[in-house]
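A.B. asks: If you want the building blocks of each chain, they are given just below.
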Amino acid sequence: MNLENRSAARFKQQAASALKDNNLKTALAKAKDGFVLKRLHAVEDLDEFEAIRAEARKIKDHALSHLDFYLEEFERKVKENGGHVHWAQTPEQACALVMDIVGTEAKQVLKGKSMVSEEMGLNAALEAKGHTVVETDLGEYIIQLAHEPPSHIIAPAVHKTRDQISDLFHGEHPKYGLNERLTEVPDLVNEARQVLREKFLNSDVGITGANFLIAETGSTVIVTNEGNGDLSQILPKVHIVTASIEKVVPTLNDTATLLRLLGRSATGQEMSSYTTFSTGPKRANDHDGPEEFHVVLLDNGRSKVLGSEFQDILRCIKCGACLNHCPVYGAIGGHAYGWVYSGPMGSVLTPLIIGLENSYDLPNACSLNGRCAKVCPMSIPLPDLLRQHRFKAFQRGLTDSRTKLGLKAWAYLVTRPKLYSGLTSLAAKALALLGGSRGVLRKAPLASGWTSVRDLPVPQGQTFQQQWKKASE
Amino acid sequence: MSETRRQIIDNIRASLGRGPLPDGVVTQLRARISEPEQGIRPRFDQDLAERFGEKLQSVAGTLTRVATLNDVPSAIQQYLDQHQLSKNIVMSTHAVLDGIEWPEDWEIEQRPARGEDTISVTGAYAGVAETGTVAILSGTESPSTLNFLPDDHIVVIRMDQIVSHFEDLWWLLQKQDLDMPRTVNLITGPSRTADVEQTIQLGAHGPRRFHVVLVEQRE
Ligand code: SF4
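Protein sequences appear in the order of chains A and B. Going left to right, the first sequence walks through residues 1 to 473 as our numbering numbers them. Going left to right, the second sequence walks through residues 474 to 692 as our numbering numbers them.
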């Protein structure tokens, strides 16, 4: 796939090329079962999971319906603790704010994982001004070496095989003295540890994201396993947090409730290795920690999503469970979605941020199987929201002409029941004959786009209505 | 107030179909913060120390239980021997470590950690039994770098510092009227990554090993 020119508007072409990528297929197949099983065990082990889930939904709904208050309260507490809060409506504004804080002196900038900074295109902006940007999460580091964007909100390099990572280090690390080809996981991780350790100790600014912002204390919270987000913020002189406005929750206790869902839904962990609460810059008597603490709050259209039929998506805690359980994501990976977010939550969020007209295929990349909604810890009705988008796209005339023609033909038929049942019964018989004893079709007339990468299961020779009639007799 | 800030707040209010919140509601919201709601706590029947140890070990942390603070040095010595580590140790000045007499042949420095340090020994603010988590607050006596730079991080914690759930930890902070320190680290096991083919590998950027010495003696 050509990642330089990828866009949410070219979803279909990108998905088609993703389906032909064998490395991608291997990598995704390895990842999927692990995520699904680990989550399942963690959720089954917690008797209170459903009760906590209901509670979490209430907390986020409450925070969202008083978002103005909690943001202002958060800001007040950050300031009280000696930090600064900056507000941006657009990614451009947010970038400008960060550049201003970074200044011209800073040479090397560390990045902890932040999806909001991806929305901002922050790395490119910093590099254009001559700063060296080092992604420190191992997954992010790997894709930075590959000049690729993340393909998963919690596992950015999930699309890469071990061989590909091995090649990347082999190609890029001779400058750090690496002469052999490392192939084992411990060696690859250790190599990255050594190289990045040097960067941690010699950088001027650290930028992290935030899983939560807490109004009660003015704290920003990151949840990580590697410890890179911590080294990125306690070693440099300046710590900048980039976060979107819907991340704010009222209290530490509320955060505890959400944390009980986040790790379990994301990686099947009861707690990730490091959950870190950062409040202001280092205190007068502290021996380490940043001298400056800044939070850049980005709206990027979210304030307009509030109060709309899409508000539920703002409860998202970016756990990734809906991606891990989505058959479409599992087949094409994250890059095909063409923008920062992928999978079910991406297909809902992307049109809201960059416009449905620039992403009208995304809501269709869904079989409405409902698995995402079932596993979403925040009870976000993802399939319903996708349907809303489809409806809107149709209303606005964004649906492509073939779909429109198909829908018209279907509408013509369903309003004429006799004709409909006659034709479907004919089709069911014909397909059953074509499928033969295997019961699947490798090729189907007019549907080569479907069958080139999947098999089409054929009907049993009777229509649903015929079977229904028989069953109820 | 910046123009952008005003616009964002205005947009939020417009979307929610209202103006600024009435005073009565603001009072309620402030009360919700000062008297925070209790979450739903995962239930467990085990004794706190037992649960703490079990959970910590389930995430590749290790644990030694000792009777008194005097037993701490030999417990750590054992750990150092087991992993064939040096006796060059960076240490925090946390109160729990204060009265302990360390072996004379250890090279101890009390300071924040540097890149070349390999072993740190620190205290902690509390342990959380729910998930086997250790809470460390940054401060003069507890620099955060000690928790992340060395390969081996050893935490000494007294049994009466173990609380049941995260809500208890926050309650303790509030009760002691402690302002939020710059950094609160909730640490649950050693550093790890699964970014290469989802294979879990310990020691990504932070400590490769995380060891707790749990002291039964009460304060
Ligand atoms: S939509 Fe739900 S499942 Fe998907 S990332 Fe957000 S919180 Fe997780």
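Hints listed in this document are in silico derivations from the structure and should not be mistaken for laboratory results. Be aware that a few hints might be false.
Counterexamples of contact, computed for chain A against chain B with all Cβ distances above 12 angstroms [to be verified]:
1) Gly227
2) Ser272
3) Arg283
4) Lys374
5) Phe391
6) Leu398
Cross-link-like lysine to aspartate or glutamate pairs, in silico, DMTMM-like; alpha carbons within 20 angstroms at most [claimed, not checked]:
7) A:Lys38 with B:Glu508
8) A:Lys199 with B:Glu589
9) A:Lys374 with A:Asp45
10) A:Lys304 with B:Glu510
11) A:Lys79 with B:Asp590
12) A:Lys374 with A:Glu50
13) A:Lys30 with B:Glu670
14) A:Lys25 with B:Asp652
15) A:Lys58 with B:Glu508
16) A:Lys58 with B:Glu510
17) A:Lys199 with B:Asp624
18) A:Lys79 with B:Asp650
19) A:Lys304 with B:Asp483
20) A:Lys32 with B:Glu670
21) A:Lys199 with B:Glu689
Which chain B residues face chain A? A few, computed with CB under 8 angstroms, are given here [claimed, not checked]:
22) Arg486
23) Leu494
24) Ser637
25) Glu640
26) Ser664
Glycine included, every Cβ here is placed at the ideal spot set by N, Cα and C.
A.B. asks: Hint by hint, which ones does this structure get wrong, listed from lowest number up?
C.D. replies: 1, 2, 3, 7, 10, 11, 14, 21 and 24
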